[in-house]
Every structure is written in C-alpha cells, then in structure tokens.
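For reference, the chains in residue letters:
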Amino acid sequence: MEHIVKSYDAEIRELRSLISRMGGLVEDQLSAAITALSEYDVELAAKVKAGDRQIDDLEIQVENTAVSIFARRAPVADDLREIISSLKMSAVLERAGDYAKNIAKRTIAIAQERPVGFPPTIVQMSELAATMLRDVMDAYVRHNADAAMDVWYRDEQLDNLHNTAYRQLIARMVEMPDHINTWTHLLMIAKNLERIGDQTTNLAEQIYYSVKGTILEDTRPKHDLTSSVTSGPDASA
Amino acid sequence: MTTPSKIDSPTLWDSKEMQRRTARRYRQERIFRAAGLGAVAISALFLVVLLGNIISQGTGGFFQTYIETEVELPVKVLGDPRTMTPEEFANSVRRANMLGLVAKSLEETFPEVTSRSEKRALIKIFSTGVRGQLAQFVTENPNVVGTRQKLWLLASDDIDQVVKGNIDTETDEGDRRVSDRELAWLQKLEDAGRVDVKFHTTFLTSGDSRNPEMAGVWGAVVGSALTLFVTLILAFPVGVLTAIYLEEFAPQNRFTDFLEININNLAAVPSIVFGLLGLAVFIGTMHLPRSAPLVGGFTLALMTLPTIIIASRAAIKAVPPSIRDAARGLGASPMQVIFHHVLPLAMPGILTGTIIGMAQALGETAPLLMIGMVAFIVDIPSGITGAATALPVQVYLWADSPERAFAEKTSAAIMVLLFFLIMMNAVAIKLRQKFERKW
Amino acid sequence: MSAMPDQLSRMTEAMPEVTQTTRTPKMAARDVHVYYGETHAVKGVNLDLHQDEVTALIGPSGCGKSTFLRCLNRMNDTVATCRVEGSITLDGKDIYDNKIDVVQLRARVGMVFQKPNPFPKSIYENVAYGPRIHGLAETRLDLDEIVATSLEKAGLWNEVKDRLDTPGTALSGGQQQRLCIARAIAVNPEVILMDEPCSALDPIATARVEALIEELKGRYAIAIVTHSMQQAARISQKTAFFHLGNLVEMGETTQIFTTPREERTRDYITGRFG
Numbered sequence: 000m001e002h003i004v005k006s007y008d009a010e011i012r013e014l015r016s017l018i019s020r021m022g023g024l025v026e027d028q029l030s031a032a033i034t035a036l037s038e039y040d041v042e043l044a045a046k047v048k049a050g051d052r053q054i055d056d057l058e059i060q061v062e063n064t065a066v067s068i069f070a071r072r073a074p075v076a077d078d079l080r081e082i083i084s085s086l087k088m089s090a091v092l093e094r095a096g097d098y099a100k101n102i103a104k105r106t107i108a109i110a111q112e113r114p115v116g117f118p119p120t121i122v123q124m125s126e127l128a129a130t131m132l133r134d135v136m137d138a139y140v141r142h143n144a145d146a147a148m149d150v151w152y153r154d155e156q157l158d159n160l161h162n163t164a165y166r167q168l169i170a171r172m173v174e175m176p177d178h179i180n181t182w183t184h185l186l187m188i189a190k191n192l193e194r195i196g197d198q199t200t201n202l203a204e205q206i207y208y209s210v211k212g213t214i215l216e217d218t219r220p221k222h223d224l225t226s227s228v229t230s231g232p233d234a235s236a
Numbered sequence: 000m001t002t003p004s005k006i007d008s009p010t011l012w013d014s015k016e017m018q019r020r021t022a023r024r025y026r027q028e029r030i031f032r033a034a035g036l037g038a039v040a041i042s043a044l045f046l047v048v049l050l051g052n053i054i055s056q057g058t059g060g061f062f063q064t065y066i067e068t069e070v071e072l073p074v075k076v077l078g079d080p081r082t083m084t085p086e087e088f089a090n091s092v093r094r095a096n097m098l099g100l101v102a103k104s105l106e107e108t109f110p111e112v113t114s115r116s117e118k119r120a121l122i123k124i125f126s127t128g129v130r131g132q133l134a135q136f137v138t139e140n141p142n143v144v145g146t147r148q149k150l151w152l153l154a155s156d157d158i159d160q161v162v163k164g165n166i167d168t169e170t171d172e173g174d175r176r177v178s179d180r181e182l183a184w185l186q187k188l189e190d191a192g193r194v195d196v197k198f199h200t201t202f203l204t205s206g207d208s209r210n211p212e213m214a215g216v217w218g219a220v221v222g223s224a225l226t227l228f229v230t231l232i233l234a235f236p237v238g239v240l241t242a243i244y245l246e247e248f249a250p251q252n253r254f255t256d257f258l259e260i261n262i263n264n265l266a267a268v269p270s271i272v273f274g275l276l277g278l279a280v281f282i283g284t285m286h287l288p289r290s291a292p293l294v295g296g297f298t299l300a301l302m303t304l305p306t307i308i309i310a311s312r313a314a315i316k317a318v319p320p321s322i323r324d325a326a327r328g329l330g331a332s333p334m335q336v337i338f339h340h341v342l343p344l345a346m347p348g349i350l351t352g353t354i355i356g357m358a359q360a361l362g363e364t365a366p367l368l369m370i371g372m373v374a375f376i377v378d379i380p381s382g383i384t385g386a387a388t389a390l391p392v393q394v395y396l397w398a399d400s401p402e403r404a405f406a407e408k409t410s411a412a413i414m415v416l417l418f419f420l421i422m423m424n425a426v427a428i429k430l431r432q433k434f435e436r437k438w
Numbered sequence: 000m001s002a003m004p005d006q007l008s009r010m011t012e013a014m015p016e017v018t019q020t021t022r023t024p025k026m027a028a029r030d031v032h033v034y035y036g037e038t039h040a041v042k043g044v045n046l047d048l049h050q051d052e053v054t055a056l057i058g059p060s061g062c063g064k065s066t067f068l069r070c071l072n073r074m075n076d077t078v079a080t081c082r083v084e085g086s087i088t089l090d091g092k093d094i095y096d097n098k099i100d101v102v103q104l105r106a107r108v109g110m111v112f113q114k115p116n117p118f119p120k121s122i123y124e125n126v127a128y129g130p131r132i133h134g135l136a137e138t139r140l141d142l143d144e145i146v147a148t149s150l151e152k153a154g155l156w157n158e159v160k161d162r163l164d165t166p167g168t169a170l171s172g173g174q175q176q177r178l179c180i181a182r183a184i185a186v187n188p189e190v191i192l193m194d195e196p197c198s199a200l201d202p203i204a205t206a207r208v209e210a211l212i213e214e215l216k217g218r219y220a221i222a223i224v225t226h227s228m229q230q231a232a233r234i235s236q237k238t239a240f241f242h243l244g245n246l247v248e249m250g251e252t253t254q255i256f257t258t259p260r261e262e263r264t265r266d267y268i269t270g271r272f273g
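Residue numbers (numbering that gives the first Met the number 0), protein chains in the order written: chain A, 0 to 236; chain B, 0 to 438; chain C, 0 to 273.
Please note that a few of the clues may not be correct.
To be verified - Incomplete in silico selection of chain A near chain C, CB under 8 Å:
#, residue
1, H2
2, I3
3, V4
4, Y7
5, D55
6, R71
7, A73
8, V75
9, A76
10, D77
11, D78
12, L79
13, T213
Hints were generated in silico from the structure; no laboratory data involved.
Every residue gets a Cβ at the ideal spot worked out from N, C-alpha and C, and that includes glycine.
When you get a sec, could you build the whole thing from the sequences and use the hints?
Dropping the structure here:
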C-alpha cells in the first residue's frame with residue numbers, strides 16, 4: 000500500500016532508483032573492466048577508471064536523500080529499514096565500484112607487460128561475480144529476500160574459484176617467474192573479484208534486512224582459504 | 000483524462016460582474032448595520048420616553064407644599080410637660096385639638112374670615128396630617144409648650160397640586176377642586192412668602208394613607224422586602240438543589256425528560272395562575288394568613304423556581320467537563336466534585352439567574368392580588384405573617400385612586416421600585432464579578 | 000549470625016533480576032470488552048502494565064485506546080451507557096469488584112488529561128487538593144511538604160516556588176500540564192494514566208513533559224495514549240497498537256517501530272492507512 004503522503008512515496012522511489020542506478024553502473028564498470036582486461040584494451044580501462052566518479056556522485060546523492068528523509072519524515076518500520084539499507088548499500092556499491100576501478104588500473108599496468116595467457120578461472124570468477132551482482136540488484140528491485148539469499152549462498156562458489164585461481168597463479172609464478180608482475184596484478188584482480196562477491200553478500204544481507212526486518216547472522220561458511228595458504232608442497236598442488 | 004473545469008481557469012477578480020458583486024455586498028452590509036442601529040435607537044427612544052415620563056411626573060411625588068404659620072401652643076390645651084411623665088404628656092398631646100390651634104393661628108392672617116363655614120373651609124388648606132405633624136413636634140420638643148412657634152405645616156393635596164401647577168386655575172370654578180376663595184387665600188400666603196415646596200420625607204418613611212400628601216411607600220417597601228426574603232429562602236436552595244440533581248445525578252430517562260419539559264413550561268405559565276394556586280393551596284388548604292408576605296413569598300417562589308432552575312442548570316452545564324474529569328481523576332466523590340469545583344464555578348451564573356428571578360418577583364403584581372396583598376394597609380408590616388402590601392401592588396392601588404395627587408405618587412412609587420430593581424442588578428453584577436474566575 | 004542478613008540482602012538484591020522474566024504485572028487486563036450502548040468499542044483486549052515501565056497505546060482515532068485507558072481507573076463509570084466486561088486487576092484484585100471503592104482506586108490509579116485542566120485555584124491548592132480530600136496530610140506542614148515534593152518531582156518547583164498563591168490557570172500550557180502531573184502524583188498513585196498529555200503543547204513543553212515521564216517511570220507504572228508515533232517511540236518501553244477496538248499488536252517499542260509483526264501496525268505507523 001502507498002503512503003498517505005504521496006511525496007513520501009516519491010522520495011523513497013527516488014532513493015530506490017538511485018541505488019538501482021548505482022548497481023547498474025557498478026555492473027557496467029565491472030563488465031567493462033573484465034572486457035578491457037581480456038582484450039588488453041587500455042582505452043576502455045581508462046574509461047572505467049574515469050567512470051568511477053559517477054558512482055561516487057550517486058553515493059553522495061543517496062546520502063543526501065536518505066538524510067533528508069530521516070530529517071523530515073522520521074521513517075519507521077519497513078521505511079526505516081529500507082532507508083538504512085539504502086544508505087549501507089550505497090556504501091557497499093561504491094566499494095564494489097572501487098574494486099572494478101582497481102581492476103581497470105591493473106589492466107593498464109598488465110597491458111604494458113608482454114601478453115600472457117590468463118588462467119581461465121579468472122574469467123569464470125569475473126562472470127560469476129557479474130551475475131551475482133546482477134542477481135542481487137534484481138532481488139533488490141523486486142524486493143525479494145529469497146532471491147537475495149540465493150546470491151548470498153553463491154558466494155561460496157566464488158570463494159572456491161578464488162582459491163583455485165590463487166593456486167593457479169602461484170603455480171604460474173613458479174613456472175614463469177619473468178611474468179611475475181602480471182601474475183601479481185592478476186592475483187590482486189582475483190582478490191578484487193572475490194571482494195566484489197563479498198560485497199554482493201553484504202548487499203544481499205541488506206536486502207534481507209530491509210524486507211524481513213531481521214539481521215542475517217553471519218553463519219555462512221567461509222570458503223576463501225587463501226589467507227591460510229602456505230607455500231608448502233600442498234599449496235602448489 | 001479530466002475535462003478542463005471552471006476551477007482550472009483563473010478567476011477574473013477585476014471583471015465588471017465581480018465589481019458589481021462587491022458593491023452589492025458592501026451595500027447589504029451598510030443596510031444591515033443601519034437597520035441594527037435603527038433598532039437600538041428605537042428601543043433607546045422608548046426607554047427614554049418611558050423613564051422621562053415617569054421621572055418628570057414622579058419627582059413631584061417626593062415633594063410636598065408646606066405653609067408657614069405661627070401657632071400658639073398653650074399649656075391648657077397641650078398639658079404641662081413638667082408635671083407629667085413623657086407617656087402622659089404624649090397622650091395628652093395626642094388628645095389635644097391641634098387643628099383648633101392651627102385654625103386660631105390663621106385668624107391673625109385672615110381677619111376677614113369670620114363665618115363658621117368659611118373658617119372650616121380655611122382650615123382645609125392644610126392637610127389633616129397637620130394634626131400628627133404638630134403632635135409629633137410638640138412631643139419631641141416639650142419645652143415649646145406655652146410659646147408661639149413659626150411652623151411649616153403640610154398643605155392639603157389640592158393646594159399642593161395648585162402650587163405645583165398641576166391644576167389649571169383658568170378653568171371654570173365648578174370644574175376644579177379648588178375654589179376661587181381658596182386660591183385667593185393661597186395667593187395672600189404666597190405673597191407673604193409663607194408657601195414653599197419642600198422635600199417630603201414622609202413619602203419614604205410612612206405607610207399608605209387615604210390622603211395623598213400623607214401617603215408613603217415604606218410599608219410597601221418593607222412588605223416587598225419581607226416577601227422577597229421568603230421567596231429567596233425558599234426558591235434559591237430548592238432551585239439550586241433541583242438544578243444540581245437534574246444536571247449531575249438524574250439518570251437520562253423518560254421521567255427526567257418529562258420533568259425537564261415541565262420545568263421549562265412552568266417558566267412560561269402566566270403569573271396569575273401561580274396566584275390562583277397560592278390562593279387555593281396556601282390559603283384555602285393550609286390556612287396560612289391572608290395578605291401576608293409568607294404566602295406572597297411562597298407564591299412568588301413557585302413562580303421564580305423555574306427561572307432559577309433553568310439558569311442554574313445552564314451555569315452548571317457551562318462548567319467545563321475537564322474540571323469534573325480532573326477532580327474525579329484525583330478520586331473526588333461526586334459530591335466533592337460538585338461542592339468543591341462545579342458549584343463555585345457555576346455560582347456567578349446561578350446568582351445572576353437568581354437575581355433575575357428575584358427582580359421578576361419584585362415587579363410581580365398579579366399573584367399578589369390573588370392572595371389578598373392588595374388590601375389597604377396603613378401600618379408598616381412587622382413580620383412575615385402580618386398583613387402587608389408590596390411595591391408593585393402599591394403602584395397599582397395608587398394608580399387606581401381618584402385623587403389628582405396620587406398620579407405623581409404613583410410615578411414616584413414606580414421610581415422607588417425601579418431604584419430597587421437597579422440596586423438588585425448592581426448587586427448581581429457585583430456578585431458575578433466577585434465569583435467570576437477564569438478557567 | 001552476621002552472615003545471614005548479608006546473604007539475605009544479597010538475595011533480595013538479586014531478586015529483581017529473577018523476577019524480570021516472570022514478574023507479575025501491576026495492572027492486567029484480560030479479555031476486556033467495552034460497550035457504549037450498542038457500540039462495541041473495545042473487543043477482547045489483553046494487556047499488562049508493569050511497574051517502572053511506560054506503555055504507549057497508539058492507534059487511529061476511535062480505535063478504543065482512550066476508552067480502554069479510562070477503564071483502568073473506572074472513569075467510564077459516569078457514562079451511563081458504558082458497560083465493561085472481562086477483568087482488569089490492580090495487584091491481582093479486580094477493580095470492577097463491588098468491594099472496590101472507586102474513590103480509592105482513582106487515588107491509586109491517577110490520570111492526566113489531554114487538555115491541561117488545572118482547577119481555577121492557586122498552584123498550591125491545585126496540588127494540595129488530592130491529599131486533602133484523601134486525608135493524606137495531618138498538618139499544614141505535612142501538606143506543604145507534599146506540595147513541594149510533588150512539584151519537585153514534576154520538575155515545576157523551581158519555576159513556581161515563589162508564586163504558589165497565583166492561579167494555576169495563569170501558567171503556560173506546558174507548566175499547566177506539569178502542574179496536573181504534580182497534582183496526580185501528590186496523592187501518591189501507583190499507576191499513572193495519561194490521555195494524550197502533550198497534544199495541546201508546543202515542542203519544548205512537550206519535551207519537558209516527556210523528560211518528566213521518563214523520570215517518573217522508575218516509580219510508577221505509566222500508560223500513555225498518544226497520537227504522536229514519535230512520542231510513543233521516544234518515551235515508551237512497550238507499545239500497544241489498537242485498531243477498531245482490537246489490540247492488534249503489543250510488543251517492545253523498538254520492535255514495533257522497526258519490525259512490526261502485523262501489517263496493520265506497519266501501515267499505521269508508516270502512514271499508509273487507507
């Protein structure tokens with residue numbers, strides 16, 4: 000049902016559209032960064048780098064809108080949760096945008112090195128991260144907590160892929176140490192993708208809270224084991 | 000799609016039609032104000048005419064013509080105050096032929112009057128009240144016995160009317176109550192400066208009399224006061240208690256509705272009906288004394304009750320419910336709520352209603368006629384069971400009297416009545432101010 | 000020997016924590032129905048009021064919340080057509096029992112009204128009235144003290160101590176309302192009912208009254224009817240939402256205002272009522 004005060008609805012709609020636009024922008028940035036990476040397209044990468052400004056601007060707009068709603072409407076119940084979530088989601092999306100930008104920056108660096116074949120896991124990761132992002136924003140638009148939870152569970156796959164990519168890149172470093180610069184960048188890119196996945200789970204949590212009203216307890220098993228990886232014989236296997 | 004409606008197009012405030020409308024509105028307002036002012040003017044005019052008429056006629060009632068004459072006060076007629084107790088002296092004075100003394104004093108002024116019938120006519124220029132006036136003077140000043148005293152004595156009502164100009168001396172002698180002979184005597188006295196119109200305290204201090212120059216309103220004032228006292232004692236507590244019960248305790252049902260309607264109807268019942276009721280119940284059945292302020296008070300109380308009840312109920316109803324709630328919320332019992340909060344706040348209204356009712360009762364004649372308070376009573380009433388009359392009844396009685404001089408007495412009595420009404424209203428306003436508090 | 004009292008005192012100190020979970024309510028309403036003639040104004044309400052807790056009753060106009068509140072000290076008794084069913088207990092005793100004296104009940108369960116309604120008497124007399132009719136003060140000195148402490152508790156003492164003889168109606172709206180609260184607490188009640196106490200006050204006066212309510216909550220069980228959602232959120236620990244005579248939802252205020260369980264509650268507090 001709509002609010003009795005029509006302008007209140009309009010403001011909440013405005014906030015939602017801002018978040019949706021941010022989500023869309025982050026998706027675009029991410030896919031553009033991946034494309035630039037796979038095609039060594041420095042120009043596109045530079046565009047991605049510059050495009051982050053837009054996301055930052057949107058975040059500021061979200062903040063202003065949310066603060067104004069707080070100040071004037073004193074939101075409660077689902078309105079309150081929605082606006083709190085929007086605020087948090089804008090921060091998360093901005094962060095995700097930063098990761099995309101970081102990928103683009105590293106792409107420019109990699110392009111200056113000699114070309115080398117990437118492990119396909121990176122591409123898989125980027126595809127998964129992009130779908131997760133798309134799906135979570137979809138869940139947001141449709142106000143669907145279950146769909147958001149789906150995405151939340153899928154982060155496990157991304158973590159697993161990251162573990163794989165990590166091992167693969169370590170192996171490449173051992174095999175082709177003269178490309179160490181590229182491998183390091185790729186290692187960081189994989190980490191960025193994994194981070195983007197984490198952020199989508201954050202988004203999913205916010206959506207869940209906004210819809211259901213309960214804060215999701217962090218019971219999801221962590222599958223990113225890279226922080227405990229040692230350089231022992233097991234690691235390179 | 001909404002069709003463009005009239006409200007969407009801007010209103011043409013400057014159009015001819017609008018200006019006409021504005022002009023018409025102003026005109027109507029002016030006419031209305033003028034009509035209101037006219038109404039006020041008409042009522043003011045009526046009031047002024049009425050009051051002016053009464054005052055111009057009635058003022059004379061407070062004054063009376065006096066004639067100066069030098070009276071010989073011989074010991075043999077009056078008795079010797081030095082050899083008697085004051086009581087004996089007073090009795091002796093009362094028995095004395097005062098008019099004879101006055102007649103004797105006139106002989107010196109009018110030596111030409113010799114015949115017995117002429118002498119009898121001459122003494123008539125004085126009021127018969129001279130007897131009492133002289134007796135009182137001598138009783139109060141015993142040492143004047145045996146001396147000659149120049150005294151201002153009360154003239155008769157006809158002479159008084161001539162002096163005040165109320166009798167036209169130009170008309171035919173047979174058409175007026177004063178003969179040419181009397182006019183000549185009066186002229187002689189006036190020429191000697193022995194006729195004067197003076198303020199007449201008797202009017203305010205004595206009871207009724209057949210002689211206009213001797214008649215006073217005091218008996219009626221006391222009668223009215225006693226009657227009102229009985230009315231107040233009876234009607235105020237009964238009225239207020241009834242109002243409280245009906246407002247605060249009575250359940251809302253058919254019976255209370257019926258009661259309410261009847262109380263309101265009672266207020267509209269002609270007062271003479273209350274008189275009939277008083278006659279039948281108080282005198283007929285209960286055998287209370289006739290003509291007494293007690294019965295008058297009972298009857299007027301019946302008449303005043305509805306007024307007091309209605310006014311008190313309105314005043315009680317006007318006390319904001321929030322005050323009741325506050326008291327009740329603190330645990331005040333219904334009676335405490337009423338006596339600590341409702342009544343004090345309703346008091347100004349109750350008192351106003353009561354005094355309006357009292358004023359009504361003060362001016363009421365008809366019921367008193369029915370219960371016999373219309374009798375001719377000379378004495379000042381001594382209690383609520385003695386015979387008495389009341390101010391409006393006195394007015395009615397005098398207005399009915401044939402003597403020319405009673406006309407101005409009537410107006411004067413009305414002035415006294417009005418004075419008391421104004422006093423009561425003043426008291427009402429004073430009390431209201433005293434009790435009035437904001438809430 | 001000396002250890003015993005020590006132990007005892009420790010036990011009693013610990014008591015509140017134990018009773019916290021299963022504590023008995025100060026007032027309890029069970030299946031309360033109220034009828035005004037044919038109108039069914041309150042329909043089967045179950046509600047507890049606890050000591051040291053503010054319970055806010057919210058809901059649209061005509062939802063029965065004020066009616067229910069007025070049942071708690073039998074203010075509805077004066078309405079001839081009003082009928083109350085079910086049980087309302089104060090310390091476990093039914094207040095609609097024949098043996099209960101209404102006058103005493105109202106002293107124990109005080110009330111503050113929507114419009115500040117001081118008596119048209121002096122400030123002193125306003126506060127002293129309750130103790131006087133209940134005979135709570137033996138001497139004039141006792142009465143003076145009750146008046147002073149009541150005004151102090153109501154946070155009004157410093158503002159009026161120099162003019163106790165001036166009429167209570169001459170105070171500002173907010174001061175009048177605090178005077179009414181002082182008047183209510185002067186009879187030493189156990190429960191205070193407030194029927195929209197701030198609806199006629201400006202924000203500053205409202206804040207003062209709210210601060211006062213917060214301070215009073217430690218000593219009395221307080222129930223407050225309010226139309227201001229924000230006020231309910233600010234001052235209450237429990238919130239009850241009434242709609243069409245039903246108690247739709249009752250819970251911790253924070254829960255009601257962040258995650259109401261019932262859709263009707265949500266629609267009402269977010270301003271979505273059709």
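Comparing the hints with the structure gives:
Taking 8 Å as the C-beta contact cut-off toward chain C, the hint placing A:H2 at the interface holds, the least distance being around 5 Å. About 5 Å separates the beta-carbon of A:I3 from the nearest beta-carbon of chain C, less than 8 Å, and the hint is met. Against a cut-off of 8 Å between C-beta atoms, the interface hint on A:V4 holds, since the closest Cβ of chain C lies about 6 Å away. Taking 8 Å as the C-beta contact cut-off toward chain C, the hint placing A:Y7 at the interface holds, the least distance being around 7 Å.
Taken as an interface hint, A:D55 does not check out: its beta carbon lies about 30 Å from the nearest beta carbon of chain C, beyond 8 Å. Given hint, A:R71 at the interface with chain C, is violated; its Cβ is 12 Å from that chain's nearest Cβ, farther than 8 Å. At its closest, the beta carbon of A:A73 sits 6 Å from a beta carbon of chain C; the interface hint therefore holds under the 8 Å criterion. Hint on A:V75 holds. Least Cβ distance to chain C is approximately 5 Å, under the 8 Å limit.
Among the interface hints, the one on A:A76 holds; its C-beta lies about 5 Å from the nearest C-beta in chain C, closer than the 8 Å criterion. The interface hint given for A:D77 holds, since its Cβ lies 6 Å from the closest Cβ of chain C, which is under the 8 Å cut-off. Look at A:D78: its Cβ gets to within about 5 Å of chain C, closer than 8 Å, so that hint holds up. Hint on A:L79 holds. Least Cβ distance to chain C is approximately 6 Å, under the 8 Å limit.
The beta carbon of A:T213 is positioned within 8 Å of a beta carbon in chain C (closest approach about 7 Å), and the interface hint is therefore held.
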